[in-house]
Amino acid sequence: MSPSSMVVFTVLQRIYRPVAVWFTALMLTGIAIADAVVVRSDGDPALSLWRLIFGSAAKYWLLVIGIVLVTMHLRQFVANGVTRRDFTVGSALLGLPLAVGLAVLVPAGNGLESALLHAGDHAWAAYPGFSVATGLAELGRSVVIDIAYLVSGLAVAVGFYRYGGRPGVLLMVPALAPIAVAEGFLGAGSTGDVLPVAAAAALAVAVTGLVAAFFQRLLRDVPIRRTAG
Amino acid sequence: MIELRDLTVRYGSTVAVDRLTLDLPPGKIYGLLGRNGSGKRSLLSVLASFRKASAGTIRVGGADPFENADLMRRTAFIRDTLDVSGQDRISQVLRMARWLRPTWDAAYAARLLDVFELDERRRIQSLSRGQRSSLGVVLGLAARADLTILDEVYLGMDAVARAAFYRELLADYLDRPRTIILSTHLIETARAQGAGLTLGPVGIQELFVHLTAGASR
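Line order of the protein sequences matches chains A and B. Here the first sequence is numbered in the numbering used here, starting from 1 and rising by one per residue. Here the second sequence is numbered in the numbering used here, starting from 1 and rising by one per residue.
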């Protein structure tokens, strides 16, 4: 790892750290209010609002970060003397821990939400139970899905950035494969009947890795496009 | 020394730069003149590693600049559209350059902002064409890069800003000699600045003019 990659990582971290703090704070506030409204209205939530809302928001945000890294930051960094290779490594240094960190927050928030809801004597018949085991399972699932979204965001953006309209649309098929596999076998609706969870996770990681490698090859000598923005 | 040998840049079937062979000794200011579509930007993009050459070789200081971390760090290529986000403020753009460029001269950048009367709180998208060009000059000169390439840098500048640009460019060059390439399609403008050029129907190679030597084409 070159010193320049670390500089890229540091700069990206400076850009995204405040955004990540705001994102998490807004999520915490919004979901706390939503939970409070449900509790005060004597509703019995049949699902974890944190898991549903934060889990979804986190992965879509990672998808957007992947797209923005290529479409906006790549030319800014190259124009400031950074190689594509160092930019890619620096982006990975930012993106992967961020994806894991957000994935950790899914079961952590779910556990906190569950603890708060069960703090009184109120019994929640419909609210799904939370345990360390379910939390760890959720963590593993979220890590794989979040990284898949990040890589797909990067891959979609690289396809369009390099080849433009029609080829970019065609390249969306392989670019979105990580999301398709991760969500298909590990997403909310998956039961594990088709493929055991461990095998599904391994398949999703393999597909994500292959797609990342393929699109990294497209990125390593991509012309830096001009924009009017 | 910048050495180009049979350098070719193609976009599909369109040939933008055709087997260009050229040597540019270091430490001088060069003007690259040519009409729209003559391949100026393609050539500069290859010099700055923004694009890979389709064929031929390019050496900057004896090394291929493409994805060469050391050479890219010591090269500043400022395009007329600026490679910045329209949403960003000038201060954010300068901060990014300071973070990424080891040779960035923040004090000089601040002085240039004063010279061009740019308010660093302004967002890029709110700047006029001439103000964007002025910001390009700030980014290019304050980078203190060994190879500084300014593409169509005085587009939209008024006479005062243009005079300030030439004054600052020459003063800074005399203070810190380095290779600077200015490109423009405004041939009359370049001629008016004292290059004393007479341009015929020539190829891009012949359009490289060493301005500091007074039009030694």
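Derived by calculation from the structure, the hints in this document are not laboratory data. Check each hint, because a few of them may be wrong.
Coverage of chain B stretches by chain A, computed from C-beta distances (three or more under 8 Å per stretch; other residues unrestricted) [stated by the list, open to error]:
hint, segment
1, 19-29
2, 47-59
3, 174-182
Have a look at the derived ranges for each label pair, beta carbon to beta carbon [claimed, not checked]:
hint, chain 1, residue 1, chain 2, residue 2, range
4, A, 173, B, 98, 47 to 55 Å
5, B, 114, A, 188, 54 to 62 Å
6, A, 40, B, 98, 48 to 56 Å
7, A, 226, B, 174, 51 to 59 Å
8, B, 106, A, 116, 44 to 52 Å
9, B, 18, A, 226, 15 to 23 Å
10, A, 64, B, 61, 53 to 61 Å
11, B, 174, A, 170, 51 to 59 Å
12, B, 106, A, 41, 53 to 61 Å
13, B, 114, A, 41, 56 to 64 Å
Under 10 Å between C-beta atoms, here's a sample of chain B residues computed to sit facing chain A [claimed, not checked]:
hint, residue
14, 8
15, 69
16, 71
17, 82
18, 161
19, 162
20, 164
21, 166
Here a beta-carbon is modelled for each residue, glycine too, at the ideal position from N, C-alpha and C.
* To do: Against the structure, test the hints numbered earlier, and report the numbers of the ones violated in rising order.
  => 1, 3, 4, 7, 10, 14, 18, 19, 20, 21
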